[in-house]
Structure formats: structure tokens, C-alpha cells
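Student: My request is simple: use the sequences and hints to build the entire structure.
Order-wise, the sequence lines are chains A and B.
What the first sequence shows, in our numbering, is residues 414 to 751, in sequence order.
What the second sequence shows, in our numbering, is residues 414 to 751, in sequence order.
There could be a bad hint or two in this list.
When chains are identical, the list treats them as one kind, so a pair holds in a single copy or across two.
[To be verified] Calculated cross-link-like contacts (lysine to aspartate or glutamate; reagent style DMTMM-like; alpha-carbon spacing at most 20 Å):
{"no.": "1", "residue 1": "K671", "residue 2": "E577"}
{"no.": "2", "residue 1": "K486", "residue 2": "E698"}
{"no.": "3", "residue 1": "K750", "residue 2": "D727"}
{"no.": "4", "residue 1": "K671", "residue 2": "E636"}
{"no.": "5", "residue 1": "K495", "residue 2": "E539"}
{"no.": "6", "residue 1": "K750", "residue 2": "E720"}
{"no.": "7", "residue 1": "K671", "residue 2": "E514"}
{"no.": "8", "residue 1": "K750", "residue 2": "D643"}
{"no.": "9", "residue 1": "K534", "residue 2": "D647"}
{"no.": "10", "residue 1": "K486", "residue 2": "E468"}
{"no.": "11", "residue 1": "K534", "residue 2": "E462"}
{"no.": "12", "residue 1": "K486", "residue 2": "E519"}
{"no.": "13", "residue 1": "K534", "residue 2": "E468"}
{"no.": "14", "residue 1": "K534", "residue 2": "D678"}
{"no.": "15", "residue 1": "K671", "residue 2": "D647"}
{"no.": "16", "residue 1": "K495", "residue 2": "D452"}
{"no.": "17", "residue 1": "K486", "residue 2": "E572"}
Read the hints as simulated data drawn from the structure, not as lab findings.
There are 2 protein chains.
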Amino acid sequence: MENNEAPSPVLFFQTLTAYQRSSALKGAIELDLFTAIGDGPATAAELAERCQAAERGVRILCDYLTVLGFLRKDGDRYSLTKDSATFLHRNSPAYAGGAAEFLMSENLMSHFAQVAGAVRKGGTMEAGGGTMAPEHPVWLSFARGMGWMMMPSAHALAELLPLEPSRDVSVLDISASHGIWGLAVAQRYPRAQIVALDWAPVLQVARENAGRMGVADRFRTVEGSAFDVDLGRDHEVVLLPNFLHHFDPPTCVQLLQKVRAALRDSGRVAIVEFVPNADRISPPEAATFSLVMLVSTERGDAYTFAEFAQMLGDAGFAPPEQHPLPPGVSTAIIAGKG
Amino acid sequence: MENNEAPSPVLFFQTLTAYQRSSALKGAIELDLFTAIGDGPATAAELAERCQAAERGVRILCDYLTVLGFLRKDGDRYSLTKDSATFLHRNSPAYAGGAAEFLMSENLMSHFAQVAGAVRKGGTMEAGGGTMAPEHPVWLSFARGMGWMMMPSAHALAELLPLEPSRDVSVLDISASHGIWGLAVAQRYPRAQIVALDWAPVLQVARENAGRMGVADRFRTVEGSAFDVDLGRDHEVVLLPNFLHHFDPPTCVQLLQKVRAALRDSGRVAIVEFVPNADRISPPEAATFSLVMLVSTERGDAYTFAEFAQMLGDAGFAPPEQHPLPPGVSTAIIAGKG
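Tutor: The structure is reproduced here in C-alpha cells:
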């Protein structure tokens, strides 16, 4: 960062124009450009025909996506990178193009248009609690778009939860959304019964995913807020994926106490979160997530492992352990009932 | 890019959320956070008081800006990097915070919300020619915000134009905007007379800058479109900074012919542009600029040096030379009348 060279406005310029990268990628997804490129290198003229677009437009967008690292260019022909083929080709089982609808939803982008206001206030400028309002529509696009991208993390989490294979166990998935976290456990453990809890509209997505993953017979749903509904009892595992970051620590402790009461004695809570290091500026994906919570919730944050350990301890849990989940963005924090 | 590891969605995720970086920086500029940090390392609590903001909000934003490289963090205290002190502290002569108003103007952002449509059409979705419409208001925010950031490039360009110091010479600055390109020539050559041509509203900004730079007595203005007004004659230099990229090659040639007719025999045209290499995917700042032109103009583009050489030749100019301008984003292309 610091050196003896003349000061440079390049980072400043790149950052003020970074939104153009998001928009370019979203546009390419809308055009289904990555699917059009498919297996073979293709010219802008060929792609223009497949996408019913102007050759000049396709050429400029493909060059842009090549600079960003989503395509390769050899001569005048474009091809997919491995990552693009995996996540952006519509026929890929890991297709994640739908994530654009959540990550660039009008709602979330409007929050980010008010960063200064949120910093002044110390929380979201949206009336009614931001995205934590009951049945906020943004969660339907989250459930639809974000599930398949989570699959490697969800499979890794399932491996971290050795369950007794010889008896029926109950797994409660709080804020289940797309349901992937619990469904990965159901796939791994044939005698696991999954209870998915969330707002009614998103549970429809989870039910569809349960069918696709072949575990619908061991999947049931509970509609409502985790703070209000009966969580049941004697669960072997309660999953809390990407939920606690929406709340302040006292609220998290209150929910963790309720979760603890719903576990059997040998049970564990498995939290999935963006967990920054104690310096709060690394790793980048986890550290930058705090700002998402600042602008879109009243009191949410990205908490450090020490803060989660404190909350879990305050709620009566045993000291937790943490495990990074692939691809390295999220962390699992697992604690016994204590 | 390609390796044997599992595919990663990290670039995809980073790109879809890149707009959050732009918004965070814009928010910090609106809060005047960089000026509040000033000389000394400061805590979030101290900055919250100076910015009349919530400590929690300031802490989260400062951590975010640290991850991006705009701040340093030691313990719980934040300080400016050299670049931030230069471009984002309001008391710096190179303060460029106003660039956010242009680069993130509602107009430009709305263009980028329609990338797919612009690719289909092969040009801007905005009626009336996009930002090339007469007196489009976006150019006032450009003139106000982008001038001082151009100063190192403008001084470098003035050095590339050895003018006869012993006689009066006329320099025509087409699409002068903030006027910085011509004004830097006036500062360097005490007998240079500058004629700045642009829409009337932005010329007010250029006139103010001429006063600040102490060369108002050798600065006059012509209002209107370069395609319509009389360009005068016997200019020693005609400057064309960041203008030709808005048009297609035949239109550029037409203007270059008109420019050539306004030069004295020893005269030269000096074009400043984002010039990608022949591969059109490097360097990144120049290559990505094509998309800005696609979404905001009908037929504009970022042209290669070979394309500029062709246009200049078609207009009757001698073969051009090119010179990269600091900080490495723009290129000067200079050609004699031939």
C-alpha cells in the first residue's frame, strides 16, 4: 500500500466503478451468455446469434468478462473458465445464476444506496427492522438463488456431525431457507429426520429441494419465526445457518437458550457464519459482511469466534469448536449442550 | 485461473457484491470520514463524534474500508493511506471526492442497470442518444468531480507538447469540461492562449478553474457542440481529451477532418483516451471502458491505437505516436497535420 511512488487514484477509481462489474455479470446471466458459450470456444458473432443480441454488444461484454476472469479469450473466440462452467452454465448441477437476484435485489441495493445514513444511525434505514421484518420478500429470492452454491459447504458440515447411524435422530434446521444445510445431513445419514423452520413462502423452495435430493420422506416443515414457535425437543442437532448475524448478542443468547432447551442431552448446535478474525479486517469475505448487516438490519453484525464462544457460554453451552467450510468463506461453530 | 482444485464461487460472489464497495466508498465520502480521520490515528468512537454518527456504524465502515485498502488499522485506531490522504481528504489540493457524483451518478448507474438490454441492442437504452444528448446534465457533475484527478495526466501531456516559448500560440481544447487539460498547457507555456469548447453549463466550471490556476487572462470559451460550431483556425494544438470514445469511427474521422482544417501547418492534434491493446482485454482500466460506452452511448467504444491511427490517417493526419500518461490509465495520441 505505502511506498515512495506518487499517489495513485487507481484504487479509488476502481472502487467507485466496481458496481459496473456487478451489473455486467448480472447482465450476462440475464442474457444466459455463459450457457450460450457452452462447451466450445465461440466468436462474438456466433454468440450474438445464440443470444439474439448485437455482435458489438456481445463482443464488448465478453471482453469485459474476460478482464474480470469469467471467460478466456483466444484470438477472437471466447470460452468458459472452470468456475464459470460450474456456476454459470444453466445445465450445471451447481448453477448459481439465481444468486444475482438476491445479491443484487432491489431491496439490498437500496440499502447500500444509504450507507452514510446507516452509519449515522448505526443500523438500517429501512423502516420496520429491515430484512428482519416478518416474511420480508427478499428471503424468497435468497432461497431460490443461494441454495446450490452452498452445497459444498453443506456437505462438509454434514461430515462434521457424526450421527449415530443405527437410530433415528431429529435435526432441526432454523431459518432453513432453501433447506440445503439440513438436506445435506439427510443425504449423509439415512435415519436423520429433518425439521425445517422458516417463513411459509420460502419453505416451498425447501420442499422442492427435498424432493430433488430424494429425501422428502424424512423432511417436514414448521412455519414462523424461531423466536415465536415451539422448537420441539430431543433434537440431536440444531442447525443455525447464517441466522445469528442478523441480531445483537443479547438476542442471539436468548435464541441460543431456546435452542439449548430443544436439544437432547447429547445434542449439539451447529452454527454457520461469516466469522472474521479478532482484527475484524480479515479474511476479506467475512470481514466485509458486517457492512451488509449494518445497512440491512437494526443490530446485526459479523461476530468473531470469541464473541460466539461468549454467547454460547452465556446460553449454557459447552465451549465450541470452529471448522472452516469450503470454499473458505463460511465457518461452522459447533457446541455441545454442556 | 484454471487448476486442479475444486471450482470456487468466490469470484462470482465477489463480483455480484462489488457494487457494495462502490456504495461504501461513496458513503464514506458523504460522511467526510477521510477528512475526519485526518492526520492522526483515530478510534471509531472519536470518529463517530467528529462525523456525528453511531460508533458501531463508523467501526463497521472503517473496517470495510481497511479491507478495501483505503485505511490502515492498528489495534482499534484507523489512519489514512497515502492515496486516501491525497485524494479523499478535503483539504488536499488533489481532493477527488467529487468524482463519486459522476462515476456513481444516477444516470450512469441507471445505464448499468440495463446491461442486457444494451448488449441486445448494441448501444445505450437511453432515448435521445444517451449522454451525447445536447447539454446532458451528467457532464456538469463530470466537470465538477473529475478535474483534479486528471492533473498529473494533464501536466504530463503539457510536457509532451513542446511549444515555441517565444511566440503566442493558440490551443483549442475540445470538450474541455473542467478545462484542466488546456489549463495545464497554459501553466506550462506562458504565451499559450487557450480556447475551451463545450456546452455552456460546464464552461462555468472551466472558467473557475482558470481563475484558480492563475491563467484566466489567457483563457476564453466557445459554447456548443464541436460538430456544429466554428473551430477557428491556425491553432498550434487541438486537444481532444476523452471525447472520441463517444462516437463511431466515421463520426470520429469527420470531426478529425474538421480539427485538421483548424490547425496551422505545423500544428498537431493531441488525443487523450483509454486505449486498450489489440487483444481488447488489457490493460484492465482501458479494456473495461468499452462497456461504459456501450451502455451510455449509441455507438461509442474504447479504440485501439491501430484504430486511432487508421482514423487519423483517414482524416489526413501524419502517422501518430502514443505516450502513456500517469498514473497509467490514459494514453496520449499525438499526430501532426501531415
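Student: If a hint holds in the structure, say so; if it doesn't, say that too.
Tutor: For each hint, the structure was consulted:
| no. | hint | verdict |
| --- | --- | --- |
| 1 | K671 to E577 | neither (24 Å within a copy, 83 Å between copies) |
| 2 | K486 to E698 | between (28 Å within a copy, 17 Å between copies) |
| 3 | K750 to D727 | within (12 Å within a copy, 80 Å between copies) |
| 4 | K671 to E636 | within (17 Å within a copy, 71 Å between copies) |
| 5 | K495 to E539 | neither (39 Å within a copy, 35 Å between copies) |
| 6 | K750 to E720 | within (18 Å within a copy, 70 Å between copies) |
| 7 | K671 to E514 | neither (33 Å within a copy, 48 Å between copies) |
| 8 | K750 to D643 | within (18 Å within a copy, 83 Å between copies) |
| 9 | K534 to D647 | neither (41 Å within a copy, 59 Å between copies) |
| 10 | K486 to E468 | within (16 Å within a copy, 47 Å between copies) |
| 11 | K534 to E462 | between (50 Å within a copy, 13 Å between copies) |
| 12 | K486 to E519 | neither (32 Å within a copy, 33 Å between copies) |
| 13 | K534 to E468 | between (47 Å within a copy, 9 Å between copies) |
| 14 | K534 to D678 | neither (42 Å within a copy, 63 Å between copies) |
| 15 | K671 to D647 | within (12 Å within a copy, 84 Å between copies) |
| 16 | K495 to D452 | within (11 Å within a copy, 46 Å between copies) |
| 17 | K486 to E572 | neither (39 Å within a copy, 37 Å between copies) |
Hints 1, 5, 7, 9, 12, 14, 17, counting from the list given before, are not met by this structure.
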